[in-house]
Amino acid sequence: MIRIVPHTTAEPKSLSIQIKASSNMKSAFLILLTFLMLFVSTGCGKKKFDIQDVDPGQAGTVRGLGPESQDVIRVSDMMTRSLLVSPTITQAPYPPTIVMLEMQNNSRFPFNKDIFSSRLKAQLNKDSAGKMRFVARDLVDEINAERALKRDGLVDYNPDLRTSVQAGADYFLVGTYEGLSTRSQKGASEYALYTFKLVDTETGIELWEDFFEVKKEGKDDVIYQ
Amino acid sequence: MKYWLLPLLFLALVGCGSKKTTGMPPGWTIEAFPPEYTARMVRLDRDGMRNKVLNLYELALEALRREDRETAKLALDEALLEIEVLYGNSDQARRARSLWRSEDDKIYKGDPYERSMAYFYRGVLFMQDAEWDQARACFRSAIIQDTLSQQEEYNADWATFEYLIGVCETRLGRPGHAREAFERATLHYAAFRDGYPSLDYAPRGGSSMARRISFGPELPGFDESTNLLVISQQGNAPDKIALGEYGELLGFAPGGGGGTLRKVHLDGRPLGSVITDSVFYQAKTRGGRPLDSILKGQARFKKVGEDVGAGSAAVGAGILMQNNNKEDNDTATIVGAGLIAFGAISYGIASLVRPEADTREWATLPESIALWTGSLPEESVTLEALPLFSDQTIAKSISLPRPQEGVEVVLVFAEPWGTILTRESSNLTTTERTQP
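Here the protein sequences line up with chains A and B, keeping their order.
With our numbering, the residue at position 204 of the first sequence is 217, and numbering never jumps.
With our numbering, the residue at position 80 of the second sequence is 121, and numbering never jumps.
So that you can see chain A by itself, here it is in the shape it has in the complex:
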């Protein structure tokens, strides 16, 4: 331990200060040591990975070569902007009715296809401000049951809003995800092509189509090759 000895000629005073200084130093050292231990024990010199909220529109630190959240958001943003300015929508005499079909996966990644359709439909419903209307084909049975209850007089409803049948679709909105995989000793590469198109349900004519593409590359460590 380093001792601080005051430079003085008064011998008795010097002795007392020396003893006091030594005791204070010892306490200070122990406190410092305690804090150091606490720091080490909580962190152990390594940052732990905790759950944290991140921006889903940005590529995070946990990455994969397959579809990711930023792809879902970019695809639906891009398709919404493109579709809402297409003449099929802007020049329509009345808001067309649309059925969103299940997305087709033509890649090597099994993934939740509904998430692309769900976000795109929600964004179109939100941003179109009534310029297009989606038909809820996933609720056909529930809607028929509700219609039956109304017509049986078991629940109340406005007769002026009655229709003979459920709404049909003017257009189908259908998306496809296709992929191209490449592997070599240098790593793995995945090219992804997302296409969406609007198809006339009477003629089959494709009235609008747009695409989004992305290529991802990554390399696994040699221990996994």
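Some clues are possibly wrong.
Said to hold, decoys possible - Listing some non-contacts, in silico: residues in chain A with all C-beta distances to chain B over 10 Å: (1) 78; (2) 124; (3) 156; (4) 166; (5) 169; (6) 212; (7) 214; (8) 233; (9) 234; (10) 236.
What the hints assert, rightly or not - Example chain A residues on the side facing chain B (calculated, C-beta under 8 Å, incomplete): (11) 74; (12) 77; (13) 117; (14) 185; (15) 193; (16) 221.
Said to hold, decoys possible - With a Cα cut of at most 30 Å, we get these calculated BS3-like pairs of lysine-lysine: (17) A:232 - B:437; (18) A:232 - B:281; (19) A:126 - A:210; (20) B:325 - A:232; (21) A:134 - B:325; (22) A:199 - B:325; (23) A:210 - A:232; (24) A:199 - A:210; (25) A:232 - A:139; (26) A:199 - B:337; (27) A:232 - B:337; (28) B:114 - A:126; (29) A:229 - B:114; (30) A:232 - A:134; (31) B:281 - A:199; (32) B:114 - A:228.
Calculated directly from the structure, the hints in this document are not laboratory data.
Every residue gets a Cβ at the ideal spot worked out from N, C-alpha and C, and that includes glycine.
Use these hints to put chain B onto chain A, whose structure you have.
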């Protein structure tokens, strides 16, 4: 020393020691699964990330054998997520490559054939749910896992997966793509049929298995009218074995039992399935890994260290013995003792080098996969899985009604459990009877 510091010191040490991570996927709890999985779930939790994928693989296969499709899907989905993680230059990958750690220190993802099989099972489950595009995606990924074999002819050569892609394409209404997939499957099947009997698998000397396999002349046909696909599995997974002086070379030994096919019966008659792939064949033909050269280098380093250590110690001991009776020969004594010390250090360093190959394996895989297709008649048929060995006496059978539309995809584990898994397994009557 202040005594109040002791608890803090203890906390510090305990804190540093508790770096253990759980292998349980987010949101999973042991209580959320049926009690028969408790032991596996405890292991999944206890083993941490290092064996997470291996534990999930085994959980999935156990669930399939218990006809529990939902648990199998959960486990496979989690395992596939981990398979796709790329550990490019990560800390744990660097550690596993270091001289002082054995390869099995790495987070397990499985060898290519194991990853392929994980995608295969998930694909079959998608097929049973008639999600043909998702199933096709799985079989494509199963094939991708098998790329980069040492010999190009064995790259992506699973006949089964190409065939099942053909089935998916047929069901998706893409006959051209289906035809191409079936053609690729036929090519791979021919190569497998020709290559398997001549496969060299010396480690355990068992060469009779290949001779017992009776290959069919060609793959079963499949078209839009086919409404029954039986995928049966036989035998035991290949064993991973560590070869070389220090276990630095990864080798494979056949698990056996993959050649017997006359154990799945349709309406009392043996199903004439065709063995389309051998898991052992796929493991064996993959060839050397890039990591092998690193492990070989580590083994050489260890060998040189040991040799130098032993040699130095021997020379040092010799010098000391020669000068034992001579007086005033301090220099020789110092040199001798120095050489012994150097030898001991060299030997000690060599003993710390860990070149052992990772032999963790998905032990519950089958040895072979066989396919059979047909058209169910108007009425139902009985599919029966008989035990492979005489000491197992329980046979299981299931009554399959003709599907309203599409294809009934049946996954059969011919032995030892005799599981017959369909989408509606839980709703169909499975009977067990004792073999005479």
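Hints violated by the structure (numbers, ascending): Result: hints 1, 2, 8, 9, 10, 11, 14, 15, 16, 17, 21, 23, 24, 25, 30 break, sorted rising.
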